[in-house]
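Student: One letter stands for each residue in the lines below.
2 protein chains.
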Amino acid sequence: MKKAVILLSGGLDSTTCLAIAKSKNYNVYALSFRYGQRHEFEIGAAKECAQLYHVEDHVILDIDLRSFGGSALTDNIEVPKKRKESIPRDEIPITYVPARNTIFLSFALAYAETIKSQNIFIGVNALDYSGYPDCRPEYIKSFEAMSNLATKAGVEEESQLKIHTPLIDLSKKEIIEKGVELGVDYSKTHSCYDPDPTGISCGLCDACSLRKEGFKKTNIVDPIQYAI
Amino acid sequence: MKKAVILLSGGLDSTTCLAIAKSKNYNVYALSFRYGQRHEFEIGAAKECAQLYHVEDHVILDIDLRSFGGSALTDNIEVPKKRKESIPRDEIPITYVPARNTIFLSFALAYAETIKSQNIFIGVNALDYSGYPDCRPEYIKSFEAMSNLATKAGVEEESQLKIHTPLIDLSKKEIIEKGVELGVDYSKTHSCYDPDPTGISCGLCDACSLRKEGFKKTNIVDPIQYAI
Chain A
4 MKKAVILLSG
14 GLDSTTCLAI
24 AKSKNYNVYA
34 LSFRYGQRHE
44 FEIGAAKECA
54 QLYHVEDHVI
64 LDIDLRSFGG
74 SALTDNIEVP
84 KKRKESIPRD
94 EIPITYVPAR
104 NTIFLSFALA
114 YAETIKSQNI
124 FIGVNALDYS
134 GYPDCRPEYI
144 KSFEAMSNLA
154 TKAGVEEESQ
164 LKIHTPLIDL
174 SKKEIIEKGV
184 ELGVDYSKTH
194 SCYDPDPTGI
204 SCGLCDACSL
214 RKEGFKKTNI
224 VDPIQYAI
Chain B
4 MKKAVILLSG
14 GLDSTTCLAI
24 AKSKNYNVYA
34 LSFRYGQRHE
44 FEIGAAKECA
54 QLYHVEDHVI
64 LDIDLRSFGG
74 SALTDNIEVP
84 KKRKESIPRD
94 EIPITYVPAR
104 NTIFLSFALA
114 YAETIKSQNI
124 FIGVNALDYS
134 GYPDCRPEYI
144 KSFEAMSNLA
154 TKAGVEEESQ
164 LKIHTPLIDL
174 SKKEIIEKGV
184 ELGVDYSKTH
194 SCYDPDPTGI
204 SCGLCDACSL
214 RKEGFKKTNI
224 VDPIQYAI
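Protein chains in written order, with the working numbering: chain A, 4 to 231; chain B, 4 to 231.
With the rest of the complex left out, here is chain A:
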């Protein structure tokens, strides 16, 4: 069985991505981060999803991105609660965490190299997304090219590291439908940027809005609770 490292936040996208990797018969190693996010509740969701899918191993790393500040997801800056109807593609929201996916993928690269895997899965998508620069296909391609120069694999072997982005061209609706087809239990996933202390989703942040809109376009009922 081929090995794959998957970045798992416990959200709708990364959990669907995990289900896709499993459906393609990868032996999955999950990687999650406590990075000082407001919504650390998602770590519990990541653990549950990792267990449900019988991943080979689940590493949870502590890295404190608050050391640099600069994002509503890690700082005391308020998480915006009113979503614009259409997201202008050239505007980067305040919830953007500087270089977050680059840091996450770098650790995934270290993990992949250590377990001798040539596969990394990341659930980014560039359609119904929050407008972060590090979710775009051209960024992912560039990271992949860099990775193949960074590691032993790139130097010693013919084999090349591949970054799999099975969701990148899908709408939120299509992601949910794909997940349901693969039997994903979305009640175990967590998307909200700013949940209440019991973990109930706010229903108003970017992540909640994209999720709610996505479910609305399917015939499927979102099984999680929202405050609004």
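Sample of chain A residues facing chain B (criterion: CB under 7 Å; computed from the structure):
1) Ile66
2) Ser70
3) Pro101
4) Leu112
5) Ala113
6) Tyr114
7) Thr117
8) Pro136
9) Phe146
10) Ala148
11) Leu152
Using 30 Å as the maximum straight-line C-alpha spacing, the simulated BS3-like pairs for lysine-lysine come out as follows:
12) Lys119/A <-> Lys84/B
13) Lys144/B <-> Lys144/A
14) Lys6/B <-> Lys144/A
No lab work stands behind these hints, which were simulated from the structure alone. Backbone N, C-alpha and C fix where the C-beta goes; we use that ideal spot for every residue, glycine too.
Got chain A sorted already, so can you dock chain B onto it with the hints?
Tutor: Then chain B, alone, in the frame of chain A:
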């Protein structure tokens, strides 16, 4: 004054790189890591060097690269103590830490983005070096290209992030001569991969060997103590 982030280990190379950045009138923000290295003694050296050069700020991050294992610098694997006379360029030593520079540069990128700097300095060199893939010029170029797709700067502005590698084409001898010219106090720097508990360098590991050979080729006496 232009701002720059510098990766500072407190070793000979990164300290010389810091002196070069200062000589070019950059306002320097230093970044160091506790990553589970055997030679955590270097953090003390990094602090001293940062103070000596009056850096604007010095962030020390804790990241545990031992979570993945796989290197003599972080694991219980023995640090090799007999240096080959010539280093074959296609052989990667056991002291290589998977994706280390990629992880370090990713955090530097986050830091640079947060303080709105377009400059990162890293003291890699590809001549008298340990043969790590992530020290090669083609790797650095590729990381720079990726960075410019990863961040707000790459999307919103004309300005491009630059990764400065002032040592990349220099021999160890030339690095030391450059440093001395700039007034670097090498007694404050620490290079050894496997120092004794009091911080005295082993004199036999790769890092010690490269340093000793470098000083031998100059007329300068290495001011640090070696066990052998």
